[in-house]
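**Student:** Could you put the whole structure together from the sequences, leaning on the hints where they help?
Line by line, the protein sequences give chains A and B.
Number 491 in my numbering belongs to position 368 of the first sequence; there are no gaps in the numbering.
Number 285 in my numbering belongs to position 184 of the second sequence; there are no gaps in the numbering.
Derived from the structure by calculation, the hints contain no laboratory data.
No residue lacks a Cβ here, since even glycine has one placed at the ideal position from N, Cα and C.
Do not rely on the hints blindly, as some may be mistaken.
According to the in silico footprint, chain B covers these stretches of chain A (three or more CB under 8 Å from chain B) [claimed, not checked]:
| # | segment |
| --- | --- |
| 1 | 447–455 |
| 2 | 462–471 |
| 3 | 476–488 |
Partial chain A-side listing against chain B, Cβ under 10 Å, derived [unchecked claim]:
| # | residue |
| --- | --- |
| 4 | LEU434 |
| 5 | VAL435 |
| 6 | TYR491 |
| 7 | ARG493 |
| 8 | ARG494 |
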Amino acid sequence: MTESIGIVTPQTLHIDQPLALVSGALLPQYDLRFETYGELNAQRNNAILICHALSGDHHVAGYHEGDDKPGWWNDYIGPGKPIDTNHFFVVCSNNLGSCRGSTGPTSINPETGKVYGADFPIVTCRDWVQSQNQLRQHLAIEQWAAVVGGSMGGMQVMQWAIDYPERLRHGIVIAAALKLSAQNIAFNEVARRAIMSDPEFHEGQFIEAGTTPKGGLALARMLGHLTYLSDDMMGAKFGRELRADKLKYSFDVEFQVESYLRYQGEKFATKQNFDANTYLLMTKALDYFDPASEFGNDLSAAFAKTQAKFLVVSFTSDWRFSPARSREIVRALLDNDIDVCYAEVESEHGHDAFLLPNTHYEGIFRAYMRRVEQECAQA
Amino acid sequence: MSQTITPEFQLIADWIAPHSQVLDLGCGDGTLLSYLAENRHVRGYGMEIDPQKNIQAMLKGINVIQSNLNSEDLTNYFDPHSFDYVVMTQALQVVSRPDLLLDRMLSIGKESIITFPNFGHWKMRAQLVLKGRMPETDTLPYHWYDTPNIHLCTFNDFEALCEEKGIEVVARTVVNSEHQTSLGMRLWPNLLGEVALYKVKKRN
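**Tutor:** In structure tokens form, the structure reads like this:
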């Protein structure tokens, strides 16, 4: 891979119009934090929207001043990378309800002057897409060249194609599903119970109470993290390796894998300072995602108005959103005679594979983006 | 963008009506579909198991679906009669159940175009009879132990299967390894033909 985009700076769009949410609630006004990379061309037709996953944010590529770690998809976005910032104008916004700069549970509720906390309304994929459409209008972009996302981000891509069919030419859906399975929802529910049963949760008003449910959030992350990895990969990385040279026969950390998971949970809840209410909201949005439910549970009918062409990608060892789930997406698109490419990438990294370097994945991504790029030039 | 294609693909293209819908099973790098799109204005999809070929096909602008024809059921992707033609070149002999695949091809497509090497060609027969060894030829250059061709058949075998299944042979072209035909091949196809192109459909 080639160099990074360099130092990047987030921007904020304040929207004064109220946003009517799917739940029936109204968000009177809101901020969207976003970043852009590359240049919008004269025809304004080379803009790519990136949608982030559960714990992701608007910082996709490049470095923030003073940071030593780049954005979460730096391997795939930048000069000379599959999403080449020499050709594309890349936009990524932080989802509403997040804790990374867009309005969410850690923001001040203008009606009360206090932190929203648990009072922040439940948001869904549709709400996110609706708010991203405001950002599109603000940037004066008629149509995205492509909307791209992995996992929960992939769900937003599909929602875009359903809700705003004329606003995107391509959808790239990576390691996603048309809806969560009972098992997926169950994992989310255990994560939520872990957070909500932490004594520091205070019915969600923990910021008011001057504390955070760190323990519960760390547990939720440990569980989530497990579902992102594959059995084979964990076996290869940790096996039954011990932390000390012999067993202690105690409840202390004995195996390396325990230590690793605890570290991941701890880092998420403290160093990364993720908000517990945000975690609850994001998992709920995932649970509710089911676009076909508005079309009589007919997956194909959901895409009837879709105009975009699609690339769908899955990873062989992903058991959270397995290749079979991606094939359901492909089937629903094919039913509507939509142009679609599908790749099933060999990887041992489970669901996390969509974030990691992989030659086949990169090749597919690059080849497809070349097509998107050629169309921009021809227009 | 003009491109050179193999004589076999040219023969297939001659059988494809303009503006039709085509599915190419084992589409490789997408050469055939890309040629058909340009010269016959067809719309279609390709299926291919090999990751590198998937990338090459994608670069040609083909709608390519990475798929294993042995483990995945085509009817999970496509409704009956989704295509005018389902094409499969030089792949019938490598799949695990050619007979079942043929059924599925003719369920999702109105017609199928299939090409495969003839195991009944005199060179094959001669090597088996005279040397007592499994044949190795230009069209089938493998050893018995490393060949991907696990279901080789003769033209007569294929036609017998079609008969059994109520499949009609709409057209057949028999050629040598250079994709030329001759009077002899027309008279004794199963003995002198090396490669056959069949266009088949379900008998009503």
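**Student:** Compare the structure with each hint and give your call.
**Tutor:** These are the hints, each one checked on the structure:
no.: 1; hint: 447–455; verdict: holds (count 3)
no.: 2; hint: 462–471; verdict: holds (count 8)
no.: 3; hint: 476–488; verdict: holds (count 3)
no.: 4; hint: LEU434; verdict: holds, 8 Å
no.: 5; hint: VAL435; verdict: holds, 9 Å
no.: 6; hint: TYR491; verdict: holds, 6 Å
no.: 7; hint: ARG493; verdict: holds, 6 Å
no.: 8; hint: ARG494; verdict: holds, 6 Å
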